[in-house]
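Chains as they are written, first to last, in the numbering used here: chain A, 1 to 116; chain H, 1 to 116; chain G, 1 to 116; chain R, 1 to 116.
Derived by calculation from the structure, the hints in this document are not laboratory data. Hints should not be assumed to be uniformly reliable.
Identical copies look the same in the list; a pair holds intra-copy or inter-copy alike.
Said to hold, decoys possible - DMTMM-like, lysine to aspartate or glutamate: derived pairs with alpha carbons at most 25 angstroms apart:
| id | residue 1 | residue 2 |
| --- | --- | --- |
| 1 | K109 | D83 |
| 2 | K61 | E35 |
| 3 | K76 | E64 |
| 4 | K52 | E64 |
| 5 | K100 | E89 |
| 6 | K87 | D101 |
| 7 | K109 | E89 |
| 8 | K87 | E115 |
Listed below, chain by chain, are the residues.
Protein chains: 4
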Amino acid sequence: MAVTPRDNAAFEAGIKMGALYHQFVGSPVSPGTVESLENAIARSISVQPFVKHITVSIDRKMVEESLNAFGYTELKGTMLRVDAVIKYENYEAEVGIALKDGYPLMYIKNVKLLEA
Amino acid sequence: MAVTPRDNAAFEAGIKMGALYHQFVGSPVSPGTVESLENAIARSISVQPFVKHITVSIDRKMVEESLNAFGYTELKGTMLRVDAVIKYENYEAEVGIALKDGYPLMYIKNVKLLEA
Amino acid sequence: MAVTPRDNAAFEAGIKMGALYHQFVGSPVSPGTVESLENAIARSISVQPFVKHITVSIDRKMVEESLNAFGYTELKGTMLRVDAVIKYENYEAEVGIALKDGYPLMYIKNVKLLEA
Amino acid sequence: MAVTPRDNAAFEAGIKMGALYHQFVGSPVSPGTVESLENAIARSISVQPFVKHITVSIDRKMVEESLNAFGYTELKGTMLRVDAVIKYENYEAEVGIALKDGYPLMYIKNVKLLEA
Chain A
1 MAVTPRDNAA
11 FEAGIKMGAL
21 YHQFVGSPVS
31 PGTVESLENA
41 IARSISVQPF
51 VKHITVSIDR
61 KMVEESLNAF
71 GYTELKGTML
81 RVDAVIKYEN
91 YEAEVGIALK
101 DGYPLMYIKN
111 VKLLEA
Chain H
1 MAVTPRDNAA
11 FEAGIKMGAL
21 YHQFVGSPVS
31 PGTVESLENA
41 IARSISVQPF
51 VKHITVSIDR
61 KMVEESLNAF
71 GYTELKGTML
81 RVDAVIKYEN
91 YEAEVGIALK
101 DGYPLMYIKN
111 VKLLEA
Chain G
1 MAVTPRDNAA
11 FEAGIKMGAL
21 YHQFVGSPVS
31 PGTVESLENA
41 IARSISVQPF
51 VKHITVSIDR
61 KMVEESLNAF
71 GYTELKGTML
81 RVDAVIKYEN
91 YEAEVGIALK
101 DGYPLMYIKN
111 VKLLEA
Chain R
1 MAVTPRDNAA
11 FEAGIKMGAL
21 YHQFVGSPVS
31 PGTVESLENA
41 IARSISVQPF
51 VKHITVSIDR
61 KMVEESLNAF
71 GYTELKGTML
81 RVDAVIKYEN
91 YEAEVGIALK
101 DGYPLMYIKN
111 VKLLEA
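Here chain A stands alone, though its shape is the one from the complex:
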């Protein structure tokens, strides 16, 4: 079957989720730097092709509960809540990362055909 714009919307959306996760998970973070890291991650991924919108939030309660004796922790996949819209030609894939049964699940919420 020929590859369609819809396939590419979903594929590009997956790329961004995998990139975000494996680039930034492991970053040192503390309650005082959570917001700066959220913003930088969202802005960094937003420069990639086809990203129409992205929000990144890091669970502050989990950060607090994970602090080590030195007062910081590392960004874990389970702390991430991501919502993004990836637009490829006339298709938009709404995707995200969220905690599901203890696992940081990457998922497609919706695929939309934009009106001409």
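Following the hints, complete the assembly by docking chains H, G and R onto the known chain A.
Just chains H, G and R, lined up with the frame of chain A:
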């Protein structure tokens, strides 16, 4: 529009390409360790869900030409040649990473519906 | 020989330079997001133990010159200029990352014994 | 105070520990691929300057206990046991990463002056 298995095949394929790239690009590598790194990358990504097949090759000529004064370099995206098949329900997405006009392009080659 | 506080100051300083480099090199970046990334890197590393001071700057000219057809690039080690002071007990190691002969060199500039 | 070869031995040793950790933590891993990942990490870091010796082991019991519903996990800092010898001029720093009180501690075990 409802999210289809075909959408998920493409999405999952994208995740793997983005993860591979952003996890391993930057790894120190030399001509003597290229093969070990290729194998470890392929095996690492192969444990993720829905990966039916993956091969990773690193361009040895580019490694040689990038060596610094200490005799090593870092894995760059442009050195990667990846071919993978991601299977989600009855769909297979054949995807890869290859150098295109100097840019490490991630692409879908084909999406297949498997016969029941 | 017994391990000294001075050894630990130098060791801890090295850890921060290696961590910074391998955590963040590869991050997507564009002229519009350079500053956000610089800040987030500096703040992220600053939460690690023994970091007294850190500044991170990314070479804007190199970012501009590296832009791909999609208008962004990835953070490369050669774009980084880092200055940091790591304090371990009564020793301070002043260290950094700077471009030297085309190679992103990590170096110790000075080790200081603080007066009691 | 002038920077000494001993300072540089400790600094270079720190760089390698920080690099190893932040490059490879997050890599997907399963019981069947642990050994391949250990070898690739050790070989990758061994090409960096001044690395005389390095061994990397990943705690198999922790991998087993961390497996998610898909049968894999991600390399965590707490799973790492590293021993390395970094040689700078006539100094050798023996360093490592080990679990201490639930925290993946990077430490210097010894600094040795080699006989001329």
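Item to check | Violated hints, by number in ascending order, as checked against the structure | outcome: none
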